[in-house]
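*Asks:* Line by line, the protein sequences are chains A, B, C and D. Here my numbering is used: the first residue of the first sequence is 1, the next is one more, and so on. Here my numbering is used: the first residue of the second sequence is 1, the next is one more, and so on. Here my numbering is used: the first residue of the third sequence is 1, the next is one more, and so on. Here my numbering is used: the first residue of the fourth sequence is 1, the next is one more, and so on.
One or more of the hints may lead you astray.
Identical chains blur together in the list; that is why a pair holds if it fits in one copy or across any two.
Derived DMTMM-like pairs (lysine to aspartate or glutamate); straight-line CA-CA distance at most 25 Å [to be verified]:
#: 1; residue 1: Lys136; residue 2: Asp111
#: 2; residue 1: Lys341; residue 2: Asp314
#: 3; residue 1: Lys224; residue 2: Asp186
#: 4; residue 1: Lys201; residue 2: Glu285
#: 5; residue 1: Lys342; residue 2: Asp283
#: 6; residue 1: Lys3; residue 2: Glu215
#: 7; residue 1: Lys245; residue 2: Glu203
#: 8; residue 1: Lys342; residue 2: Glu285
#: 9; residue 1: Lys224; residue 2: Asp111
#: 10; residue 1: Lys286; residue 2: Asp236
#: 11; residue 1: Lys298; residue 2: Asp236
#: 12; residue 1: Lys298; residue 2: Asp25
#: 13; residue 1: Lys201; residue 2: Asp283
#: 14; residue 1: Lys298; residue 2: Asp314
#: 15; residue 1: Lys224; residue 2: Glu164
#: 16; residue 1: Lys43; residue 2: Glu284
#: 17; residue 1: Lys342; residue 2: Asp111
#: 18; residue 1: Lys136; residue 2: Asp186
#: 19; residue 1: Lys286; residue 2: Glu47
#: 20; residue 1: Lys201; residue 2: Asp314
#: 21; residue 1: Lys286; residue 2: Asp186
#: 22; residue 1: Lys201; residue 2: Glu284
It should be emphasised that the hints constitute simulated quantities derived from the structure, not laboratory data.
Protein chains: 4
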Amino acid sequence: MTKIPVAILGATGSVGQKFVELLADHPWFEIVAVCASERSVGKPYREAASWFSAAPLPPRIGAMMVSPCEPTSEYRIAFSGLDSSVAGEIETTFAKAGCFVLSNSKNHRMDVDVPLLIPEVNPDHLELVRMQNFGKGAIITNPNCSTIGLVMALKPLMDAFGLEAVSVVTMQALSGAGYPGVSSLDILDNVVPFIGGEEAKVETEPLKILGARRENCIENAVIKMSASCNRVAVLDGHLECASVKLSRQALADELIAAWRGFTSEAQALELPMAPLHPIYYFDEEKFPQPRLHRNLDKGMATCVGRLRPCGVLDYKFVLLSHNTIRGAAGGAILNAELLVKKGYL
Amino acid sequence: MTKIPVAILGATGSVGQKFVELLADHPWFEIVAVCASERSVGKPYREAASWFSAAPLPPRIGAMMVSPCEPTSEYRIAFSGLDSSVAGEIETTFAKAGCFVLSNSKNHRMDVDVPLLIPEVNPDHLELVRMQNFGKGAIITNPNCSTIGLVMALKPLMDAFGLEAVSVVTMQALSGAGYPGVSSLDILDNVVPFIGGEEAKVETEPLKILGARRENCIENAVIKMSASCNRVAVLDGHLECASVKLSRQALADELIAAWRGFTSEAQALELPMAPLHPIYYFDEEKFPQPRLHRNLDKGMATCVGRLRPCGVLDYKFVLLSHNTIRGAAGGAILNAELLVKKGYL
Amino acid sequence: MTKIPVAILGATGSVGQKFVELLADHPWFEIVAVCASERSVGKPYREAASWFSAAPLPPRIGAMMVSPCEPTSEYRIAFSGLDSSVAGEIETTFAKAGCFVLSNSKNHRMDVDVPLLIPEVNPDHLELVRMQNFGKGAIITNPNCSTIGLVMALKPLMDAFGLEAVSVVTMQALSGAGYPGVSSLDILDNVVPFIGGEEAKVETEPLKILGARRENCIENAVIKMSASCNRVAVLDGHLECASVKLSRQALADELIAAWRGFTSEAQALELPMAPLHPIYYFDEEKFPQPRLHRNLDKGMATCVGRLRPCGVLDYKFVLLSHNTIRGAAGGAILNAELLVKKGYL
Amino acid sequence: MTKIPVAILGATGSVGQKFVELLADHPWFEIVAVCASERSVGKPYREAASWFSAAPLPPRIGAMMVSPCEPTSEYRIAFSGLDSSVAGEIETTFAKAGCFVLSNSKNHRMDVDVPLLIPEVNPDHLELVRMQNFGKGAIITNPNCSTIGLVMALKPLMDAFGLEAVSVVTMQALSGAGYPGVSSLDILDNVVPFIGGEEAKVETEPLKILGARRENCIENAVIKMSASCNRVAVLDGHLECASVKLSRQALADELIAAWRGFTSEAQALELPMAPLHPIYYFDEEKFPQPRLHRNLDKGMATCVGRLRPCGVLDYKFVLLSHNTIRGAAGGAILNAELLVKKGYL
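Can you make the complete structure from the sequences, with help from the hints?
*Replies:* Laid out in structure tokens, this is it:
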């Protein structure tokens, strides 16, 4: 089978590099363009990008010349790891030129006609792209890296028991801030109890994702949300302590069964980037932990543990999700796979 | 003025060493005995203890011979940094022998006639010692290292607005686990979302501390409590994200004013170990942080910041407290100072 | 092909767990026994071992009952991750019973009839086993985790230019100390400039490994050696700064060519655990780095970089080797592969 | 006594902040001007500087308006924490205007008429200022943060036994790279074996500092030098493993006696910033360690330990020096104190 040509926008940045790493051996997609800012254009990718993954830079990509962030007819899928300062406009340009833009940026996430997509959670939201006025192109976004693990863990609970309130405290990894991102002097022997703009995202994005599609729009879910976001000295993997109030009484075993039994269209369609099991529930009381479990199922699984009654709401638990794979590049690739499999291309 | 002779029980352990460090130049107290387990008895303290503080071991204490954990008539105040596996019995023995035991251990904290004391919060609970059947001796405990900062921050809110519910997620320092405590392999590039027994302490101790004294006993406060405890790669200083539901509506400025205006008998009596201000509220949105603020006011202050509305309860905020000073040795010393100043000795 | 049955001694410890992880899918070997101390015997491995690798415990091994450290007729190869306090005697017992013991322990390394083996460096030393008085069994050891990377980097230089002196300063990973090993309180925001017994090993083992085999014994190489060993806050991967004095003048490019051109019988025989290239030389002046390069070629490669003139000796450079793979379990497995391929079994 | 008015150049940067912290309560000096780049000029210091020390910003300095880096007649002493990209020219301008510039920057360190000064080592080099053509002003520099601890440890050895060769491997703290400096993603679970330009400084500066003054110039010491510089995950305190070849044979005890007996004019003159003892030798084989010993004697002491024979040179040992106090701001302040005490002002 001929692979589908794809471009990476913002290819030299930290999310861009993760796209390169994850797409290097993808069974359906082939990188044909690495696009970045003027400073990098015309250089071989290996020189333009300061490659910092432990996975070696694939030589074919390393030798590729960096292109400007302008659409061409070579590809119809573009993965965007662009910084939000420029993503809004460039992504729109690509969509108007007929591209499906799989964006990791916040700019278009809350647009009414843009899917904020998690294939395991709201695959039907993809239909929103038909409302977009971009002709053959469209913009599809994936959620913030702290939102996605939380929503993955909430979805089976909402389906089975209803959700009234969610309180979450995050302990987020350094890679979430990009590179160079957080200064070592700020985080060694320390925690920073603030991440600019993050709490608002975690409190609003889930309502759209868990919302119901009514014809041409999404009716947001009605759940009380509260988020407190912290940066901790962890390289990858966001850990979150969540408490929930359910709409109806349920036993702890029922919640665990809901998580363990959860599967979705993404698994049924055998999308290459989909985790075998979307959610792993751990019985060990010390688990999940970022360093031990972030890479489970290619870094695409959501790990849950420590379910116990909450003295204020109903139940509390711990969840973990890989922020640069599931929460960024891997999530966008899974979205593209759904798009292709469902025949939108 | 002649100083009051004191003993340190469990003097070679990590809390014991902190007692030595903080009492070395104390204006009222003088260490006359360092007591530890049989393994150490008869050795000079400098050999028995593997001193690991950055503050140099005071030579006078270093040369002192380690005694067994048996009461003598040399002193009437004993600070206990004993492990909970042995503290219960030994502390009782010392109290029966006429000693005031200032204990940092969990064993007697919830005994109905034992004060769980924070001089700024419930100084009147000290009266409980009169209920104890130890003759001239008594046991006074200080709370768990995660409880104390939380209760310090809650007290002014309860007094001014009433408290109905508290949800807290802690990010606790490594020194809280003692030495050697947490393996480096477990915590570098990681967070451990579990600390054995900790959540129960944080959910129950505040109810006793914030309870009202009715004659001879404490009537626990009625507050819904929920705690999730995590270990992070920080040396000292427990950071906590708290959400509260108040009994009556209040403006954010009123809460901040309540914290900033908070003072207590401990300050009025000018107890040497008391912080100048019990609570510091920070306006900077990135503060407080463990490494920057844990040592404020000799490590005895509670740092609070980031007050903002909570989507689930009423308000949420961040607090920080030094776990081995305010939350252990320093807290016990402050308790002893109150005891002396109030004439219990 | 039927796989060769093997046992793991000290299977529950940190090296033992690494053996389990690396042998789980080995093309030649199949784990048939996991042996450990009495405390673990009779329990399923998953309960006896506190599994802490990010790689999931293989279910087949997890269900295996732990056996005592006593030889049986089920297998003729035993991998030993035993602590040096017990390894000496137990390994001898296994050898006497007809087993080839691949030991990671220091006890027998310097015995005159025991090969201290690195397949890329001194494969002919394997012949020493014929001098051992164990009948059909034998003991083969692999070097200390700091020695092996150093010797790998030195070997091509010695062959091409001769070696007169080596000065090395190591920055060693935490996993080298086992589990729980180094307390987090000792290493966060710190370096410990001392590792018990380590410097002597690094100064003596290379002389045996680089020595020439004369009939029935090894004539040690004559090289002046100096080692300074430090523990740093790195999970895996020992980094070393080495300076060398060569026997004859050479250009920097010649040294680099010697490293890049280096290959050995282990590669020629296509041993499964052998790295594709034993040595990778990096041109980037910031490389190699533990986190980025420790896992190169399954963690079996030696990474070298920063070759430059030394103002005191001739040249200096940086090297990196994965301490628990190449420097422990992986090295022992590679030794076993050589043993099998050369027909010693 | 009226205090001497002083200015701080580059006051908002990391070295500048350290100057503010150390000079806040200085018995001789009073900060009258905080100078920085245009971006900061006219703002209160508390707003212009992102204060990140755990020591609170002194309110008087916080309220001070930031001035441009232009000399005024208010002061004759200026401490420079300027970045080397601008330090060269600005410092010259201040000197020409009659100021004594105490510079922490590399720009003028190797100028033939500029003292590269350590009061304990080469106080007579201060005489070089008379060779400068700046009228009443002059430039005095302090060495690189890795050089200073090394030279402090070498000086007593050179005086007593002569020095022929020095090989040193450094493990340097993050604060040496300024703020934000090293990305957390580069150093957590890692070591970076390269610091741009650092090795050349450590190999050349000691030769000037240990050189003999011949009338109007310095005759460099003749010592073979080799340095390898690494960045490790430590906040403050450079640890170094050094090996030395002496000119004459000496016993280990003689070296230790030389260190322990070492004192200097800085101590004799009781300069306020001078350490009580310039060098502390530790008998414990695990010491010195950055986190435990960097703040000894106000962070001005050099800590030495682990003296033992070297298999390649004569002896090897470990040393530690606080890089932002002794190796930067504190060193410059001590230089200024010597200047004042010797009547150069």
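*Asks:* Against this structure, judge whether each hint is valid.
*Replies:* Verification of the hints:
1. Lys136 to Asp111: Only inside one copy: Lys136 and Asp111 sit 18 Å apart there, 67 Å across copies, limit 25 Å.
2. Lys341 to Asp314: So Lys341 and Asp314 fail the 25 Å test inside a copy (39 Å) and across (45 Å) alike.
3. Lys224 to Asp186: neither (32 Å within a copy, 35 Å between copies)
4. Lys201 to Glu285: between (29 Å within a copy, 17 Å between copies)
5. Lys342 to Asp283: So Lys342 and Asp283 fail the 25 Å test inside a copy (36 Å) and across (46 Å) alike.
6. Lys3 to Glu215: neither (33 Å within a copy, 60 Å between copies)
7. Lys245 to Glu203: both (15 Å within a copy, 19 Å between copies)
8. Lys342 to Glu285: neither (40 Å within a copy, 45 Å between copies)
9. Lys224 to Asp111: The answer is within: 21 Å in one copy meets 25 Å, while 39 Å across copies does not.
10. Lys286 to Asp236: Result: close both inside a copy and across copies, 18 Å intra and 21 Å inter.
11. Lys298 to Asp236: Result: close both inside a copy and across copies, 13 Å intra and 21 Å inter.
12. Lys298 to Asp25: Answer is both: 13 Å inside a copy and 18 Å across each meet the 25 Å cutoff.
13. Lys201 to Asp283: between (30 Å within a copy, 22 Å between copies)
14. Lys298 to Asp314: neither (32 Å within a copy, 40 Å between copies)
15. Lys224 to Glu164: Intra 6 Å, inter 18 Å, cutoff 25 Å: intra and inter.
16. Lys43 to Glu284: between (50 Å within a copy, 18 Å between copies)
17. Lys342 to Asp111: within (22 Å within a copy, 65 Å between copies)
18. Lys136 to Asp186: Classified as neither: same-chain Cα gap 46 Å, cross-chain 42 Å, threshold 25 Å.
19. Lys286 to Glu47: between (43 Å within a copy, 15 Å between copies)
20. Lys201 to Asp314: both (24 Å within a copy, 19 Å between copies)
21. Lys286 to Asp186: between (27 Å within a copy, 11 Å between copies)
22. Lys201 to Glu284: Answer is between; shortest inter-copy Cα gap is 21 Å, intra-copy 31 Å.
Going down the numbered hints, you'll see the structure goes against 2, 3, 5, 6, 8, 14, 18, while the others check out.
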